[in-house]
Each structure stands twice: as C-alpha cells, then as structure tokens.
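**Student:** Take a look at the letters that make up each chain.
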Amino acid sequence: MVVAAETLSANAIGPGFSKLAWVVAVLPVVSAALTLFFGKRTPGRGWIYGVAAMSAGFVLSVLVLWHFVQGGGAVGSSVAWFTIGPLHVEAGQFVDGLTAIMMIVVTTVSLAVHVYSIGYMHGDVRFTWFYVVLSVFTAAMLNVVIADNLIQLLVGWEVMGLCSYLLIGHWWEERINSNAAIKAFIVTRVGDVPFLFGIFVLIAATGFHSANIQQVGELVGGADVSRGLVSAAAVLLFGGTIGKSAQFPLHVWLPDAMQGPTPVSALIHAATMVAAGVYLVGRMYSVFLHAAPEVLQFVGIIGGITMFGAALLALVQDDIKRVLAYSTVSQLAYMVTAMSVGPAGRDSAFFHLFTHAFFKALLFLAAGSVIHAVHSNYMSEMGGLWRRMPVTFWTFAFGSAALAGIPPLAGFWSKDELLVAASRGHEVVFTLMLLTAAVTAFYTTRMVMQTFLGVYRGHGEPHESPAVMTGPLVGLAFGTVTVGFLGAAFSRAVFFKWVFFEVPEPVTFVPWVATLSILAAGLGVVAGWYVYREQPEPDPVFQLGWFSSLLVNKFYLDEVYMNGIVLPVRDRVSAAAVWFDRNVLDGVVNGTARLTRDLALGTDEFDRTVIDGAVNGVAQTAGFTGGLLRYLQSGNVQRYAAFLFVGVVVLAIVITRV
Amino acid sequence: MIRLPLVLFFSAVLFSTGVYGVLARRNAVLVLMSIELMLNAVNVNLVAFSQLWHDVTGQVFALFVIAVAAAEVGIGLAIVILIFRNRETINIDEVNLLKW
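Here the protein sequences come in this chain order: A and B. Anchor point for the first sequence: position 227 equals 227 in the working numbering, and the numbering is continuous, going up by one each time. In the working numbering, each number is its position in the second sequence, counted from 1, plus 658.
Bound-form chain A, shown alone:
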C-alpha cells in the first residue's frame, strides 16, 4: 500500500510508526471479515477478533502519537487509485497530530465498546453480526481520519452512515427501531448531497487535477480560485457537517437513533461518527477561512442555535439516552460554534472533541449499564441506584461532572479553551456558550439525581453489571479525569503542540473566563440540586406551561418535517409517481409490447404466405413438370431406340450443316 513515503516536515525526526497509520484502519477490516466468516464457530460467538484488532489498533495509535509527542511533523504517503481524464485520485494517508489524536479517540472508544458489548449484547440473536458491523464502522471512521483526499474520505463517510443505519436498526423486529434507522439514514443523506457537491466544487477548483486535501487547502488561499467558488464549497461541505454531526435543522435524527443498542450510541452517536462532521470542518479549515466571512458567521449561527436549543431540549427528556443524545447534539454544536471564531477556536474545538469522546462514551456506557440492570430507558423508573450499582454510579458521576464542566475534569479544561477562544471579540458566542454551560450543568444534575439518588421507582432488583461492562467504564473514567490536563495551560498544553492549524496558538489561562465558566457550571449544578433534592412529582420541567410543551414537542420540528415534507412527498408526490407509473410508463411498456406483438403477427403472415408460397410454388412447379416429363420413361426399349436414332439424325444434320 505504501509506495512512496515522503516526510513532509523539515524536522529531523523520522516518520516512525506514523507511516503505518493505515494498518490501524485495515485491522478492523480484517477482524470484520474474520468475524463474518468464522465468528459463529468461534467460542464466544466472535467478539475475540474485534477486541484483538482494536487492542492492536490502540497500541499502534499510541505509537503513531508518540511520533508527534517527540515533535515530529506530518507524514503522508499514497498509491495511485484511479484516473478520470485529468483527475488523478490517490488513496493514501495523511497523518498529522490531529489524525493521531483522532485515531486515539476512535480506537480507545471502539475498544471500550467492543469489550463492553460482550456483556451488554450477551445472548443477543445477532451478536456476531453486531460485532461485524462494529468493526466495519471502526474501519470506516479510521479511513475518514487518515484519508488524504476527499474521495477516500467520502467513502469512509458513507460507509459510516451505512453502519449507523444497520446498528440503529439492529433490533429491527420493532417498527420504531427500523423507522429510526430509516430516519437517520435519510436525514443524514440530506446533508450528504451538499457535501458531495462541495467535493465536486473543490475538485473543480483544482482544475480537475486533484482531490488531495492538502493541495486543496493550499490552493484555496491562492489567487487562482475565486472567493465565490471557495464560499460555495465551504457552505456545501458544511451541509455534510449539519447532517452527520446532527446540527440544526437536521439534528432530528440523532435522538431517534437512540433506539439502537447503547454501545452503538456510545461509539457512533456520541464519540466518533457524529464527530466526523466537526472533523471535516477542521480538516478543511483553510477552505472556510478563505471563504467569505459570512460563511463562518453562518457556521456560528447554526452552531449557536443548535448548542442552546439542544441543551434546552435535554431538560425535558425522560429517556436517559435521549438526555445524552441532546447533550451530544449540544456539545457538537459547541465545537461547530468554536470553529466559527478562527484558528484558535478550531484547535479548542478539537480539544473538546477529544475530551467529549471520553466522557460522553463513558456516560452512554454507564447509562447502558443502568438500562441493562433496570430494563427501562426511563428515569422515572430509576432512582436510588447509587447503592446498588456503585461502580456505575461513580463513573457516571465523573462523566456527568466532566459534561457539566466542573474542574478539574476533562470537560472543564476543553470548555475553558472554547470560552477563551470565543472571549476574544465574539461576545454573542461567548455569552451563548456560558448560558448553554449553565443549562448543561442543570440537566446533567437532574439526570444524575433522577437516576441515582432518592428512592428506587422501578421494578425488580437491579444489580451491578458484570466486570466486562464495568471495566471499560473505569477505563474511560480514568481518561475522563486525565485527558483534560493534556490541554490545560498550567500543564504546558501539550495537546495544542500536536493539533494546530498552520501555527501553534499560544495557550493562556484566562482567570476571569475560568471563573465565569465555574460560576455558570456551579449555578446550574446548585439550581439542579435545589430543584430535584426532594424528587418532586411531577417533574418541575413539565410545569412551565407553553415553554414545556414547546420543548416536549421538540420545537415542533418533527411535526414540521412530517407535515411539510414527509407527508406531502408520501401522499402527493408518490401518488403522482404512481399515476405516472401506471399511465405513462405502463402505457409505454404496454404500447411497445402491443406493437411488438402486431409486428410479430405481420411477420408471421408474410412468412406463411410469401416466403412459404415461393418455396412451395417452386416445389410444385418442379413436381408438375416432372409429372409431365416422366411419361417419356415408358419402359419400351424400342421407343428409346427410336429417340436415339432421331437424335443421331438430328445431330448428323446439325453437324453437317455447320
């Protein structure tokens, strides 16, 4: 695969293991194939292949990151893939610090989910198939991360969408699950179409010569490409982000995607796939920077609306996974919003993506552990679980504290960097981020108190989950506590020495921003504790009149889509399509058939009369003539002799005359 490795840095450090980043992406493909073909015959029904591949992938990813820890530069290599006219597309890898960090995120969460699923999916009818798709998904996500060109990235992007669809609909026997899968697939597709056209625009901008991300990035800054073209490309690419990262107005699929198994929600719909949209903006950041300033403003507006709106929606959810889903939408929107404030915001967004992957995967897996024990998704049927499930409670508490932005956990540090980036001249974004942080802290507190504190309101006797499920929780909790320090200013902020846009931004600790952040988080937590300390019935968030109904009905967006798009398409457009099909297409088909039949009948008639007539006529003529001539053959020797003599005489006369 690696034909020509070239080190893009002037650094003296060799490429090391980063040349082998592609191996990490190939490993899950191998494990998927092994699981598919041998999984059911393997003891344990095939989880061993995926876990082994993820472990190896994780180790390799750490080795790849080590190259950047030592201060190495970006490494790229590629092989020829295909050629269309002047367009030479290569398949290859481009590994910089961002890639290495994303590889760590993907392999860590994927490994945790692979191990956790051994317990969570135990006894599932399609256990082996589940592991196959998990591995395929991981391969696709790694492909997106290491891709050095847009077409390779798109391939991984779409395979992720397919895996998401398959896993949301894993329990497709229930209609609501398959509907959620279809909704997720179609809604993200609405964003993927502009993304595809964005890629076309960028390839067109290179003069149809290359789809390489680095070349495109350098080209858009030059004078050869018009600003309008770059702006169009940026807006179209952002369409892909809106779909994949569940931004307003296409965020509606992600809460419904919670119908899938919880490990899937943790891996795909919290930590990795939905982050791919954010990754795309960051990877193509020079396109956004060189577009018209309105494009980044548009990104900020979309992110801002989503950030605050989703946080409000998370307030009124009773399904614990839906709280986390809206929280994911909101946190992704944090990253998207940060992208709009410039290169510093971009780097902070990636730091938040990094930390968010850990604590949100942890929250989902812990929620899955609770659901596994309680057999219900609804917080109204939980409560008081902290004594019964101590490991789950403490890890969940760490994840929640990180989500709420409480120091010194990971979420605080990354949120702080986001706020610092926004505080430099983006007052509206900054204010909105603070507000959202407060709301986030409030709903997080509500979630923890409803689930783990007070009295148990469900059925049966919930027990702590097996070690194979709590193990990944502890591992991710360790990450949640530690990874924040990688980007903290006082610990030299090494993260920003690995992940940066063009030049590393200096990281400074701004005391007033941190104070405001802690105040907002503390306000949310205290308010949440105050409101829910007595476990009030009914839940106060449903007692706010029109505001509650607005939130419970999700801003009526689903109704708008249903009545504005789905039903008209289904009832009118499909009726028109049926009419067109029955009358026009069937008419054409039937007309053709009738014409063919008539032609065949005509040909048959011609064949019988004219052709057969000619053949039979010839035969009859020959027979008739023969019938006449046969009387010459009389059997009378003397008559033959007479003919002979007459013939001789005639010949003699003829010869002598001549």
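Any given hint could turn out to be false.
Derived coverage of chain B by chain A (criterion: at least 3 residues anywhere in the stretch with Cβ under 8 Å from a Cβ of chain A; other residues may be distant) [claimed, not checked]: (1) 669 to 683; (2) 743 to 756.
Using C-beta positions, here's what the derived DEER-type ranges look like [as the list claims (entries may be wrong)]: (3) A:T621 to B:N685: 38 to 44 Å; (4) A:G617 to B:A670: 49 to 55 Å; (5) A:Q633 to B:N685: 20 to 26 Å; (6) A:S634 to B:I739: 20 to 26 Å; (7) A:L651 to B:L662: 23 to 29 Å; (8) B:Y678 to A:I655: 35 to 41 Å; (9) B:I739 to A:Q638: 43 to 49 Å; (10) A:V649 to B:L662: 22 to 28 Å; (11) A:G627 to B:L666: 45 to 51 Å; (12) B:I660 to A:I655: 27 to 33 Å; (13) B:E694 to A:V649: 17 to 23 Å; (14) B:N749 to A:V649: 48 to 54 Å.
Simulated from the structure, these hints should not be mistaken for lab results. Here a beta-carbon is modelled for each residue, glycine too, at the ideal position from N, C-alpha and C.
Dock chain B against chain A, hints included.
**Tutor:** Same frame as chain A, now just chain B:
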C-alpha cells in the same frame, strides 16, 4: 472390281433393314439379329473404305467389331433366355417394368 457407290448403297440398305428390325420387330431374338445387321453394315463400310484408301486399319477395325458383336450377342441371348424363364415370353413390348 466392284464400284464403291454400289457397295455403299448395299451397306445403307443393310443398315436400314437393321434399323427397321430394331424398331419394329417384337421378338427379342430378331431385334438382336437386326443389331447384327447394322453392325455388319458398318463392317462393310469399313472394309470398303479400307480398300479405297489402301489402308489396312479399316479391316483391322472390322475384325474388332466382329469380336465385339460376338460378345454382345452372347450377353444379349443370355438376357433373353433369363427373361423367357421369368416371363414365359420374349416379346419386348411386354418387358417394360422399368418405367414411370
């Protein structure tokens, strides 16, 4: 010395007699005999012209014709005998099986 035209006239009469016999007689033996007449008319012509041109070739050829005629009569009479044994007749008008 007999004059040539007289000889030719004689041979023509002999040949015509043979032709008449072949075409008109019903008896197969007589038809064969008429064929002998025609062949011998030819022989006469061959000898006559041989004399005229002082060339012995014609006489040699006549001898050949006599030999062939003898063989032909042998076969012909054998066929006639076989027909008679099968059909109890040698009337060639009645021997007409090979027809349409």
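**Student:** If you check the beta carbons of A:G627 and B:L666, does the distance land in 45 to 51 Å?
**Tutor:** Holds, since A:G627 and B:L666 (Cβ atoms, about 46 Å apart) stay within the stated range.
**Student:** Could you say whether the range 17 to 23 Å given as a hint is met by the Cβ separation of B:E694 and A:V649?
**Tutor:** holds, 22 Å
**Student:** Using the beta carbons of A:V649 and B:L662, state whether their distance is inside 22 to 28 Å or not.
**Tutor:** Holds, since A:V649 and B:L662 (Cβ atoms, about 23 Å apart) stay within the stated range.
**Student:** Quick check: the stretch 743 to 756 of chain B, covered by chain A? Criterion 3+ residues, Cβ under 8 Å.
**Tutor:** With 6 residues close enough to chain A, the hint holds.
**Student:** Just tell me: holds or violated, for the beta carbon distance of A:L651 and B:L662 against 23 to 29 Å?
**Tutor:** holds, 25 Å
**Student:** Could you say whether the range 43 to 49 Å given as a hint is met by the Cβ separation of B:I739 and A:Q638?
**Tutor:** At 20 Å between Cβs, range violated.
**Student:** Given the range 38 to 44 Å, decide if the beta-carbon distance of A:T621 to B:N685 lies inside it.
**Tutor:** holds, 43 Å
**Student:** Between B:I660 and A:I655, does the C-beta distance stay in 27 to 33 Å?
**Tutor:** holds, 29 Å
**Student:** Within 35 to 41 Å: is that where the Cβ-Cβ distance between B:Y678 and A:I655 falls?
**Tutor:** Violated, since B:Y678 and A:I655 (Cβ atoms, about 24 Å apart) do not stay within the stated range.
**Student:** Can you let me know if the beta-carbon spacing of A:S634 and B:I739 is within 20 to 26 Å?
**Tutor:** Cβ of A:S634 to Cβ of B:I739: about 25 Å, so the range 20 to 26 Å holds.
**Student:** Under a C-beta cut-off of less than 8 Å, do 3 or more residues of the stretch 669 to 683 of chain B approach chain A closely enough to confirm the stated coverage?
**Tutor:** holds (count 4)
**Student:** Just to be sure I understand the hint, the distance between the Cβ atoms of B:N749 and A:V649 should be within 48 to 54 Å; is that true here?
**Tutor:** violated, 27 Å
The structure is inconsistent with the numbered hints 8, 9 and 14, although it conforms to all the rest.
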